[in-house]
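Peer 1: Take a look at the letters that make up each chain.
Number of protein chains: 2
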Amino acid sequence: MNWLDEIRWTPEGLIPVVAQQTGSGRVVMFAWMNRESLALTVQDGYAVYWSRSRNRLWRKGEESGHRQKVISIQLDCDEDVILLEIEQEGGIACHTGRESCFYRQLIDGQWQAVEPVLKHPDEIYK
Amino acid sequence: MNWLDEIRWTPEGLIPVVAQQTGSGRVVMFAWMNRESLALTVQDGYAVYWSRSRNRLWRKGEESGHRQKVISIQLDCDEDVILLEIEQEGGIACHTGRESCFYRQLIDGQWQAVEPVLKHPDEIYK
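Here the protein sequences come in this chain order: A and B. Residues are numbered in this note's numbering as their position in the first sequence, beginning at 1, plus a constant of 910. Residues are numbered in this note's numbering as their position in the second sequence, beginning at 1, plus a constant of 910.
Hints listed in this document are in silico derivations from the structure and should not be mistaken for laboratory results. Do not take every clue at face value.
If chains are identical, the list can't say which one is meant, so a pair holds when it fits in one copy or spans any two.
Stated by the list, open to error - Below, a list of computed lysine to aspartate or glutamate pairs in the DMTMM-like style, where the Cα atoms sit at most 25 Å apart:
#1 Lys-979 x Asp-1018
#2 Lys-1036 x Glu-946
#3 Lys-979 x Glu-1025
#4 Lys-1029 x Glu-989
#5 Lys-1029 x Glu-997
#6 Lys-1036 x Glu-922
#7 Lys-1029 x Asp-915
#8 Lys-1029 x Asp-990
#9 Lys-1029 x Glu-946
#10 Lys-1036 x Asp-988
#11 Lys-1029 x Asp-988
#12 Lys-1036 x Asp-915
#13 Lys-1029 x Glu-922
#14 Lys-1029 x Asp-1018
#15 Lys-1036 x Asp-1018
#16 Lys-1036 x Glu-916
#17 Lys-1036 x Glu-1009
#18 Lys-979 x Glu-999
#19 Lys-1036 x Glu-1025
Model the full structure from these sequences, guided by the hints.
Peer 2: See the structure below:
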């Protein structure tokens, strides 16, 4: 059986993907893939997601240059979530210019930004 | 504004949650929470999820004893994914008896189990 057929896709044909920086283990992003984007990810060796908001393939870094080189691809016990071990080019995964999209932490009942902006978005998306 | 109101819940009132082991950074699980379960997670200091299959609150470890002590709670840039830093009791998050649910890796076009079973499920769920 094809490895793509072993995945339990959502009714919309998607699977959630957690991107984790190799080495540090920092979880940097959460996104979705469809069958085509996952196949392209394996083929290219760089993360290709499915943008639900734009309804099209999204080659991560296509605008920012912050591509994600794939180190390994892991599947969970229910075959419905993927964990992507990546090498984040530029060290920035988030569109806000931070290393990780998970830059806010719940402290004293408030979401507080605890990660610095490494590069201003205006510098990233020219 | 209440911190729970800042979250962008799905139409079903849920948010995806990535659970990550503190220290090692191993991503051990992916699950969902609703408003009540997230509030209980903060209140109790242990992860409480919303089981979509059983349609009820799921206090992680209620059967297995493998509770997840909450270290920190992080929110992503779109306010629609949570990253939970946890201390996994028993060192086993997966119902298969492994440390992590992400125990399969894509190798040579096949999903191959690369993590050992630490405890047989029959021993966990008596």
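Peer 1: Which numbered conditions among the earlier hints are violated in the structure presented, ordered from lowest to highest?
Peer 2: The structure breaks hints 2, 6, 7, 9, 12, 13, 14, 15 and 16; every other hint is satisfied.
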